[in-house]
Amino acid sequence: MQNGQHQSGQGQNGQGQEAVEFGPELETKVAEIISRYPKKKSAIMPALYMAQEHIGWLTDAAIEWVAEKVEESPAHVRSVATFYTMYYKKPVGQYHLQICRTLSCMLCGARDLTAYIKDRLTVDAQVITEDGLWSFEEVECLGSCGSAPMIQINDVFFENLSVESLGSLMDKIAKEKPDLRYSAKKETLGEGMPEAPRSQAWNAEMVKFNKS
Amino acid sequence: MKHHRILTANFHHDDQHKLSAYESRSGYQAIRKALKQEPANLTTEVKDSGLRGRGGAGFPTGVKWGFVPKDSGKPIYLLNNADESEPGTFKDRILMERDPHLCLEGMMIASWALGANWSCIYIRGEFSYPTVRMQEAVDEAYAKGYLGKNIFDSGFDLDIVVHRGAGAYICGEETGLIESLEGNKGQPRIKPPFPAVMGLYGCPTVVNNTETLAALPWIIDNGASAYRAIGTEKSPGTKLFSASGHINKPGVYEVDLGYSLLEFIENECGGVWKGRELKACIPGGSSVPVMPADKLKGVNLDYESLAEAGTMLGSGGFIVMDDTTDMVDACANLQHFYTHESCGQCTPCREGARWVESMVNRLHRGQGAPSDLLVLQNVTEQIGGHTICPFGDALIAPIQSFLMHYRGEFEEKLDISLDAQIGANNV
Numbered sequence: 001m002q003n004g005q006h007q008s009g010q011g012q013n014g015q016g017q018e019a020v021e022f023g024p025e026l027e028t029k030v031a032e033i034i035s036r037y038p039k040k041k042s043a044i045m046p047a048l049y050m051a052q053e054h055i056g057w058l059t060d061a062a063i064e065w066v067a068e069k070v071e072e073s074p075a076h077v078r079s080v081a082t083f084y085t086m087y088y089k090k091p092v093g094q095y096h097l098q099i100c101r102t103l104s105c106m107l108c109g110a111r112d113l114t115a116y117i118k119d120r121l122t123v124d125a126q127v128i129t130e131d132g133l134w135s136f137e138e139v140e141c142l143g144s145c146g147s148a149p150m151i152q153i154n155d156v157f158f159e160n161l162s163v164e165s166l167g168s169l170m171d172k173i174a175k176e177k178p179d180l181r182y183s184a185k186k187e188t189l190g191e192g193m194p195e196a197p198r199s200q201a202w203n204a205e206m207v208k209f210n211k212s
Numbered sequence: 001m002k003h004h005r006i007l008t009a010n011f012h013h014d015d016q017h018k019l020s021a022y023e024s025r026s027g028y029q030a031i032r033k034a035l036k037q038e039p040a041n042l043t044t045e046v047k048d049s050g051l052r053g054r055g056g057a058g059f060p061t062g063v064k065w066g067f068v069p070k071d072s073g074k075p076i077y078l079l080n081n082a083d084e085s086e087p088g089t090f091k092d093r094i095l096m097e098r099d100p101h102l103c104l105e106g107m108m109i110a111s112w113a114l115g116a117n118w119s120c121i122y123i124r125g126e127f128s129y130p131t132v133r134m135q136e137a138v139d140e141a142y143a144k145g146y147l148g149k150n151i152f153d154s155g156f157d158l159d160i161v162v163h164r165g166a167g168a169y170i171c172g173e174e175t176g177l178i179e180s181l182e183g184n185k186g187q188p189r190i191k192p193p194f195p196a197v198m199g200l201y202g203c204p205t206v207v208n209n210t211e212t213l214a215a216l217p218w219i220i221d222n223g224a225s226a227y228r229a230i231g232t233e234k235s236p237g238t239k240l241f242s243a244s245g246h247i248n249k250p251g252v253y254e255v256d257l258g259y260s261l262l263e264f265i266e267n268e269c270g271g272v273w274k275g276r277e278l279k280a281c282i283p284g285g286s287s288v289p290v291m292p293a294d295k296l297k298g299v300n301l302d303y304e305s306l307a308e309a310g311t312m313l314g315s316g317g318f319i320v321m322d323d324t325t326d327m328v329d330a331c332a333n334l335q336h337f338y339t340h341e342s343c344g345q346c347t348p349c350r351e352g353a354r355w356v357e358s359m360v361n362r363l364h365r366g367q368g369a370p371s372d373l374l375v376l377q378n379v380t381e382q383i384g385g386h387t388i389c390p391f392g393d394a395l396i397a398p399i400q401s402f403l404m405h406y407r408g409e410f411e412e413k414l415d416i417s418l419d420a421q422i423g424a425n426n427v
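If you read the sequences in order, they're chains A and B. With the first letter of the first sequence counted as 1, position 130 gets the number 130 in the numbering used here; the numbers rise by one all the way through. With the first letter of the second sequence counted as 1, position 182 gets the number 182 in the numbering used here; the numbers rise by one all the way through.
Hints are computed from structural coordinates only; laboratory data are not their basis. Every clue listed holds true.
Lysine-lysine pairs mimicking DSS-like chemistry, simulated, CA-CA at most 25 angstroms apart:
hint	chain 1	residue 1	chain 2	residue 2
1	A	K40	B	K74
2	A	K40	B	K185
3	A	K118	A	K90
4	B	K36	B	K47
5	B	K185	A	K39
Between beta-carbon pairs, the in silico distance windows are:
hint	chain 1	residue 1	chain 2	residue 2	range
6	A	D119	B	F67	50 to 56 angstroms
7	B	K191	A	E27	38 to 44 angstroms
8	B	M404	A	S162	34 to 40 angstroms
9	A	D119	B	M404	36 to 42 angstroms
10	A	D119	B	K33	55 to 61 angstroms
11	B	A307	A	V163	37 to 43 angstroms
12	A	E32	B	M404	49 to 55 angstroms
13	A	R181	B	K74	37 to 43 angstroms
14	A	S168	B	D153	49 to 55 angstroms
Being a predicted model, the structure only gives us computed values, none of them experimental. Glycine residues also receive a C-beta, built at the ideal position from the N, C-alpha and C atoms.
Turn these sequences into a full structure, and let the hints steer you where they fit.
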């Protein structure tokens, strides 16, 4: 995973469960994370994220690696991984689109975004496109209601969208293949995208008010 | 009306997230002042301020702190609940993005008051940007000696960990959060024992909302009586409202508690969009009852006034709907949310959420049976109060209140389905 992207959708992993090398860097990092907590078990969630970012989704090998690190049974780690929606139990596309479908986004046009994505990708939810680039799902409230409608792509929020701006956003991503992972260099998280990753939900009016 | 700026005073500074900028605007003065006081005095100060939990329940913060036994011999933990997932709510997110050191300073003050040497901020997983911001703030604070051993040369040790959730609404419930932080499924615990006595790893634990903790530096700086002077007698201080839906100016606004709800929609929210009429609003996140426009006159944004009107202040997630909104559709949308987010532990909630959703959907499609409205009422009564955590009560708030205020719209769908059935029989 040298170029730092979700690669699970690109075919080589497919449904495969090949052995994965986690490498000394990750071993050091996970040890440091575990040391932050009073008990090792508390580090299950961050360790799962680490394994997921490394492989793209949570394979059996990933579950076992986490279990070994926190000294819990793989069965317990799997029970945690399956409880939370942000852990992928199967591969997702290189860019996983999560459309917020809950009330505020729905009121402001989220259904149009979903319809556009379905139309453009011609795959069902949770299915990876043939080129491995995309997959999508509708998700519950992402806490971005003031900038509705919005979608999350990998770890980055794209807000105040319309069908048109979403279309050009997807074009741009397909062309430039930016790194939209949480662990990406912070300043460049979504940099240069049509919509800034940071919130516009506290708005300009309020800033003016405060400055006056 | 000019509102006080306690939490949002520095939101307009683009460098506010940096420690040096925060400190240049008198940041980290309150913790220095607090560390010179007896912890018990701080708890008294917070009690006197009348500060109430801003996550939704509105429980007095100082009273909650007072439940922690001082002589248990076990470590004490302070957890900052930033698992903000209530539909319509995005205030803690903005606090963490715009002023992360304010959130940290609040945690430091509470930790000292409670005698906690380890504290954690649990941020919902989708909030990657706020998580990055908080982690940077924590790293800066460690580098400066404001966290770790002997903070501010006071002899007090404090470690703070930024913990990322993974997409489970239920972890915003305090015992669900504790379970999750222990490395388990986030399924809530039976209370009592309350976390103050037996929380994280079986030790005394206080879970406070991010906005609650962020108010502490101001209270310590300015005193309890100054805080009490703002807002109403029973709802002192300011509150963040995150406004969304069919309005011209969605966003996060800090207002003095007791402010008129209709003025808030008109002034802060910029009125209903597209020149349309107001139909309804949900003032405190999706788990509080919906309010029709004609029942909003004279209602104020504070715990008591909203309760009297038949709804709740909740988290301050303020959702506005215009007169084109199909209320059965809106209700079905929220019921789907609750079905998806039920943790699956208690039968009334796990099964009931799904039943309610499928019945509302059936009605929405025009395929409802006349008995559905009665069954819905009956099922919700079986869920409310019969679950381990308040999720069961939350999931029935939309359907019960939508049915109460918009029964006509549900019945209209019913008529369509009856016509359709008669029509089908005639073919």
